[in-house]
Amino acid sequence: MPDAIPVDSVGIVAPHIAQFETPLTLSCGQDLPAYQLVYETYGTLNSNASNAILICHALSGDHHAAGYHAMSDKKPGWWDSAIGPGKAIDTERFFVISLNNLGGCSGSTGPTSINPETSDIWGENFPIVTVQDWVESQARLADRLGIQTFAAIVGGSLGGMQVLEWSIRFPTRLKAAVIIASAPNLSTQNIAFNEVARQSIRRDPEFHDGRYLNEQSVPTNGLGLARMLGHITYLSDDAMGSKFGRQMRHDNYQYNYGIEFEVESYLRYQGEAFTKRFDANTYMLMTKALDYFDPAGETDGDLSAVLSRAQCEFLLVSFTTDWRFAPERSEEIVNALVKAGKHVSYAKIEAAEGHDAFLFPIPRYMTTLNSFLTRIGNRILKEAQ
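In case it helps, numbering that gives the first Met the number 0 puts the sequence shown at residues 0 to 384.
Do not rely on the hints blindly, as some may be mistaken.
Computed list of lysine-lysine pairs in DSSO-like fashion (alpha-carbon distance at most 30 Å, straight line) [unchecked claim]:
#1 K341 / K381
#2 K174 / K341
#3 K381 / K242
#4 K275 / K287
#5 K275 / K73
#6 K74 / K347
#7 K338 / K174
#8 K381 / K174
#9 K242 / K275
#10 K74 / K341
#11 K73 / K242
#12 K347 / K174
#13 K275 / K74
#14 K381 / K287
Everything labelled a hint here was simulated from the structure, so no lab data went into it.
With these hints in hand, go ahead and build the complete structure from the sequences.
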């Protein structure tokens, strides 16, 4: 944490809790009888509630997207580089909402919560949730906050899939959709990565078929391995090469299975750190939601047909070195939107950071995002006059 809060920061923020007692029928067929969503807000909602932006988080994200919870925080929210006064998502103009999705482990109802029907931890019995379920719950939160239509809904990676679903499921409830480093569905290779990650968790002896909290244990080895695998896919070969190369911990090979290369140390650190802040059952749920997402499945694979329902304006952003969600995947969405006759802008950003580039304040990326949202904001202001 800096000695003083930067002028372009939203400052010290506190999460809110929205409790829902109306059952939510999930895609899997089960009902969630009651649930809560944890969220944060930045900026001020205007008098006609027309300036709201919803931020949809990626796989391991949560509600804390910007600012600090305390002066002692070591770092700000996960997208602080983009959200704040004068930033790409300008909180002097917009009222920004970021929430922790259902199934999460940062306060929203999920596997670590208590099942009200059993008074026990949900654990492995928490139902499978999908992108569609998340969007439905987000719409209920918007209703609670008095927001009928969002100025924009923005998300990267898995967050971008949620944005795409919003444009299809609730086409009149958003003016603009910003889909960053995302895809209309997962490739076979990405489904395979997710399955390896899940098997790493499930085969950890401390997993106990998902009942590890009841057993007072944590599958740290399996979850750490899953994170290490995922982290490799989020980075580009160039980024890893420039950061680590073949740097070694010792002057000579040790001829053992300890840490020899700096990249090994980095990955082990990332895996271990992740196990201290994330839940294994939540990780399994989130990766399954990724696997299941395929809106064109209901139109026999015709993405343009399902996107014909959309009424908003779109911005798609991809990054040149992103091989997990390559630019071609964003361009599938762009081409489908063009075919469906929708208003769409597209930017392919030169970036060395790989899939994780969507989290970085890359100048052309931030300028593109800011210009698009400024235009949307100006149009909304004009319509209100």
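Comparing the hints with the structure gives:
no.: 1; hint: K341 / K381; result: holds, 22 Å
no.: 2; hint: K174 / K341; result: holds, 12 Å
no.: 3; hint: K381 / K242; result: violated, 47 Å
no.: 4; hint: K275 / K287; result: holds, 22 Å
no.: 5; hint: K275 / K73; result: holds, 16 Å
no.: 6; hint: K74 / K347; result: holds, 29 Å
no.: 7; hint: K338 / K174; result: holds, 20 Å
no.: 8; hint: K381 / K174; result: holds, 14 Å
no.: 9; hint: K242 / K275; result: holds, 25 Å
no.: 10; hint: K74 / K341; result: violated, 39 Å
no.: 11; hint: K73 / K242; result: holds, 22 Å
no.: 12; hint: K347 / K174; result: holds, 22 Å
no.: 13; hint: K275 / K74; result: holds, 16 Å
no.: 14; hint: K381 / K287; result: violated, 42 Å
Hint check: violations occur at hints 3, 10 and 14; the rest are consistent with the structure.
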